[in-house]
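Protein chains in written order, with full-length UniProt numbering: chain D, 1 to 511; chain X, 1 to 295.
Check before you lean on any hint, since a few could be wrong.
[What the hints assert, rightly or not] Derived BS3-like pairs (lysine-lysine); straight-line CA-CA distance at most 27 Å:
#1 X:29 x D:353
#2 D:376 x X:29
#3 D:340 x X:60
#4 D:113 x D:99
#5 D:338 x X:60
#6 D:5 x X:29
#7 D:309 x D:376
#8 D:344 x X:60
#9 X:29 x D:253
#10 X:254 x D:309
#11 D:220 x D:174
#12 X:60 x D:309
Just so you know, these hints were derived from the structure itself, not from any lab.
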Amino acid sequence: MFKNKKILSLVITILTLSLVLSACGGSKGITRKNPADTLVVAQGADAKSLDPHATNDQPSSRVMKQIYNTLVASTVDMEIVPALAESWESIDELTWEFKLASGVKFHNGEEFKASDVKFTYDRMLASPSVSHILGPVKEIKVVDDYTVQIITSEPFAPLLSHLTHTASSILNEKAVTASGEDYGQNPVGTGPFAFDTWQSGDRITLKASEDYFQGAAAVKTVVFRNVPEGTNRTVGLETGEVDIAYDIEPIDKNLVIDNAGLELIEGPSLSSQYLGFNTQKAPFDNVKVRQAINYAVDVQEIIDVVLEKAGEVAKSPLMELIFGSNEDIQGYSYDVEKAKELMKEAGFENGFKTSIWTNDSPVRVRIAEIVQAQLKEIGIEANIEVVEWGAFLDRTSAGEHDMFILGWTTVTGDADYGLYALYHSSQHGDAGNRFFYTNPEVDKLLDIGKTEVDTDKRLAAYKEAQEIIVADAPQLFLYFSTQNVGENKAIKGFQLHPAGHHSLYNVTIEQ
Amino acid sequence: MSDKAVQKNTSKKKKGQWSEVWRRLRRNKMAMLGLTIISIFILLALFADVIADYDEVAIKMNTSIRLQGPSKDHILGTDELGRDIFARIIHGARVSLQVGIIAVGIAIIIGGTLGAIAGFYGGKFDNIIMRAMDIFLAIPSILLAIAIVSALGTSMLNLMIAVGISSIPSYARIVRASVLSIKDQEYIEAARAIGAKDTRIILKHIIPNSLAPIIVQGTLGVASAILSTAGLSFIGLGIQKPAPEWGAMLSSGKDFIRQSWHVTTFPGIAIMLTILSLNLLGDGLRDALDPRLKQ
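Construct the entire structure; sequences and hints are all you get.
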């Protein structure tokens, strides 16, 4: 008996000690576990393809950004600057001429020429996933080896913004033809990092390109690791296995901030989240019901609870950094009484039954739960249906839904990309308008914004369009998310890009 | 002997058989522990509404007190939306036990009938039914359940159907095996000799005598059905939110495990205790119902 007690107390002492010790560890810097010139980046999903024309998803774009260059690029302040094109001018309403940089080499040794631009954009126009980004581009004309003209069928004001999209990256004709179907696994670009290996589902390794036209990058190897669980990305940072972790979970933010060896970088993003209504289906065809829901939900509570405050209430469809945003819109505030009144006017005093669709993202499911609880206050009984991502996209574009949660990132930073696909009546369904929202007035204004060359007129059209959209409320406006990245303190020079794809060219590792 | 006396006599005899089982079960300490725990869960589930109101406590959000540790007001703490975890666990017990028992009920009725037909008639019936069951068995039961739920949509009823259907083959096999061993006994021949119909023989003689293995398998089956339900809920194919379900609670709490361990730990413990107690009870019942095994 006595002996047992002794052992027991020994065990308790050891356990307590180990707890105390483990709690003390990690307060002073975190030793990196990777080679001095290798940068390990963790993100929440593996790339789908590294062929810019095969996919338009963020994890892929984040890798492609390092491999390729575009003709023009946008800075972190959303300014358009030269990249592969040294200068450009608008010759007439329909023609843009670009002067290309000379002496730029692709990773396979080929020289970059105007013919590559023509090949790339012709191929892009034929791609179902990304052709919409080029909009009304009709023809690419090679003037000489270093001059190229882009001709559109109608005036297309946001062309330059659209050319900054990673989907507009320039490819090499020879490399694409040589790899054929497998090009997505053997990408060749002009960017600061060349593709090396891809272990599907695990990691993508890139090597610095020694003859990059703006000078070789300081980091020699970049590894993109696929770490789906947010908690594990933070743990990776803490153990020093990961140097940069994208998208720290809201709940883990304080762990990174409080850790002396880590740093949390936060910044605005161009994406907004919304809860859309199927405006062609009763009772959501009634604008009063849609407005009532906008009044009935306390969006600030969603931001506080689900995002740990990492977001800003969306009063309009576009956040302030996007060209064409309208900051004068007051939007809807949380006002249950007003919501009940509107429901009464709409003839739904006793509420109705409906459903909220979401994919299985934990953040979206939690949003759905809070909205469900708050809609109960005005008598709306909403079922939450968690639908698998592929089926979710298919069935919402077929219009089977009542309410659904989705986000949109205005990657180009221009209102055309942020409004046209979502609210123009020609874009119903798969193209982006899953509200099946139709308003001829909005259509007209969005067309003006797309084709008008005069900046002030475009701005005015977009501002007015947004006022109408907010009044029509095809969606419950949720929030503009802020994005974040956690990094080891030894990493310097990393900058967040609002579009969500961050260049690693300027990153250095301090020893 | 009058009719009454016969009745009395048989009922006394029946009572004798079951009290013998109960006596043997009572000697098994582990089985009694299991029985106690599962009884507590059943009582909690039955009186869940008395202990904590469903609308006002179990599903009512209060985000100002979210992720609080165990305290006097909330003995197991609160979850990420400020709901009382204890209230959710006892209302979740209702869901889990209900789904577990009804799913096993579905499996026993369908599987048992198929197994009894296969065993009793033999030949072509046996071949067709049992080969179909073999095909069923070749599909992992959780995958089958996932397929059924995705096809029918998520609801409590569909969950019961999915979990029930996917465990049909094991009951069919057990019932068939015991029917085969009973079918040639003398008392069946006797019944046949006095001209009893097949249905009467199956219902009155074969089923009561093959009950023991079904009871054991059923008890263990409830455990695995609860586990399957929790698994399906964990991957988002469970019952409708905001209804509390242990697997779903575990799943949504896992994001907070480093900051608030209790959100995911207590539902986990509830699942573990239920499964453990049912397994202990099932093992104990097996020994009690078939004393030869122990000797």
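Results of checking the hints against the structure:
{"no.": "1", "hint": "X:29 x D:353", "in the structure": "violated, 51 Å"}
{"no.": "2", "hint": "D:376 x X:29", "in the structure": "violated, 49 Å"}
{"no.": "3", "hint": "D:340 x X:60", "in the structure": "holds, 20 Å"}
{"no.": "4", "hint": "D:113 x D:99", "in the structure": "holds, 11 Å"}
{"no.": "5", "hint": "D:338 x X:60", "in the structure": "holds, 23 Å"}
{"no.": "6", "hint": "D:5 x X:29", "in the structure": "holds, 26 Å"}
{"no.": "7", "hint": "D:309 x D:376", "in the structure": "holds, 24 Å"}
{"no.": "8", "hint": "D:344 x X:60", "in the structure": "holds, 25 Å"}
{"no.": "9", "hint": "X:29 x D:253", "in the structure": "violated, 49 Å"}
{"no.": "10", "hint": "X:254 x D:309", "in the structure": "holds, 20 Å"}
{"no.": "11", "hint": "D:220 x D:174", "in the structure": "holds, 26 Å"}
{"no.": "12", "hint": "X:60 x D:309", "in the structure": "holds, 22 Å"}
The structure fails hints 1, 2, 9 (numbered hints given earlier, in ascending order).
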